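**Student:** Sequence:
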Amino acid sequence: MQELVKFEFYRIHNCGYYKYNNPKPKYGSIEEILSDIQKWGQPKSIIKTKLYEPVNDRLPVYLFKSIPSKTSKDWLLVMWNEVPSTNSKVASIVGSSTVANPTVVLNSVRSGSIPGFPTYFWFIPEKNMFASIKFRNRTNTGQGAMRAYIEAALERISSFVHKDPNSGEILGYAPPNAQPEKLYPKFRTFRAQKSAEMDKIINNASRIGKVYFKDTLKLTQTIDKKWWQTGLRKIGLGDSYENKRTQDVKMKYEFIPKLLTKKDVKSMIKEWKNLKQNGWNDYGFSMKGDSNSILWLSKSLIKADADLDVIWQNSEIVEPYSLLEQLNLHRDTILNKI
Numbered sequence: 001m002q003e004l005v006k007f008e009f010y011r012i013h014n015c016g017y018y019k020y021n022n023p024k025p026k027y028g029s030i031e032e033i034l035s036d037i038q039k040w041g042q043p044k045s046i047i048k049t050k051l052y053e054p055v056n057d058r059l060p061v062y063l064f065k066s067i068p069s070k071t072s073k074d075w076l077l078v079m080w081n082e083v084p085s086t087n088s089k090v091a092s093i094v095g096s097s098t099v100a101n102p103t104v105v106l107n108s109v110r111s112g113s114i115p116g117f118p119t120y121f122w123f124i125p126e127k128n129m130f131a132s133i134k135f136r137n138r139t140n141t142g143q144g145a146m147r148a149y150i151e152a153a154l155e156r157i158s159s160f161v162h163k164d165p166n167s168g169e170i171l172g173y174a175p176p177n178a179q180p181e182k183l184y185p186k187f188r189t190f191r192a193q194k195s196a197e198m199d200k201i202i203n204n205a206s207r208i209g210k211v212y213f214k215d216t217l218k219l220t221q222t223i224d225k226k227w228w229q230t231g232l233r234k235i236g237l238g239d240s241y242e243n244k245r246t247q248d249v250k251m252k253y254e255f256i257p258k259l260l261t262k263k264d265v266k267s268m269i270k271e272w273k274n275l276k277q278n279g280w281n282d283y284g285f286s287m288k289g290d291s292n293s294i295l296w297l298s299k300s301l302i303k304a305d306a307d308l309d310v311i312w313q314n315s316e317i318v319e320p321y322s323l324l325e326q327l328n329l330h331r332d333t334i335l336n337k338i
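Using the working numbering, read the sequence shown as starting at 1 and increasing by one per residue.
Honestly, the hints are just simulated from the structure, not real lab data.
A couple of the hints might just be wrong.
[Claimed, not checked] Derived pair list, reagent style BS3-like, types lysine-lysine, alpha-carbon separation capped at 27 Å:
id, residue 1, residue 2
1, Lys266, Lys214
2, Lys6, Lys337
3, Lys337, Lys303
4, Lys266, Lys288
5, Lys210, Lys270
6, Lys50, Lys73
7, Lys200, Lys273
8, Lys273, Lys6
9, Lys266, Lys210
10, Lys127, Lys26
11, Lys39, Lys24
12, Lys89, Lys50
13, Lys6, Lys26
14, Lys200, Lys270
15, Lys288, Lys6
16, Lys89, Lys24
17, Lys200, Lys299
Note that the structure is predicted; figures quoted are calculated from it, not measured.
With the hints as constraints, model all of the structure from the sequences given.
**Tutor:** Structural data, given as structure tokens:
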């Protein structure tokens, strides 16, 4: 059955093994690490494909599938992202219950199963890019977890890893049968952008009349909370309003710069790239005398969509092999949109 599938594209900035302070990899490529992940994971049970212990608010991620295309050098990578559970139960809230009296239920998790959800990534090595694939109303692409997974694979299980046969200690990185070297495994990506739109903003830096900034304040953080409380007082709302807000507050503000240079704009673009891309956080620019036309940086991000014949194995899983066939079939159409 055909349905609209959305793609968000990323560029691969680093992938492989690097000497200190050298921007070019000594060894490694995205094709090689995806192939290594496939060979390493194929005989394993899912539970044994976890490559790193999660830190902070990141949850475990597992390998679901790594599949090469038969008609191109593309790959489809599918990850399984674990969700929190308590004593083999997953919490959910009854949607019809009230805020005054919310009802939370615990749904049993089958013994030995891993509660979670899949995320899908289409790698296009010849363009040094990949796309996160979104179906229906799903918003979590799992891109950060996937990126950490590939970097952990480079570090621990690729064909370039040399280990002490007795202790298992990593001795260095090199092709098989070569002398291991002290190199640094890296996998870095950033959202792909339309360079023409970026260049338009940079080249018109001196004409920029206003800069707009949309941000999400984390009110669990002291600095953000103080900023928010000060703003409330300035517009006549006291501390009592604190009881009516959520933990995250979306803010939009603007300023009129005296004069911006190309260097200033490039610096702001760099800062924006480091923001969490959540559909809200953004930078915008309007030219002097035309404040109604705002050039938002998020509009320069490369996206595409296509109607694909998607086969759902169940309400959560898209069948990976049929998905890759559809990507092969519609490859040129999708890539022509970017």
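**Student:** Identify every previously stated hint that the structure contradicts and give their numbers, smallest first.
**Tutor:** 13, 15 and 16
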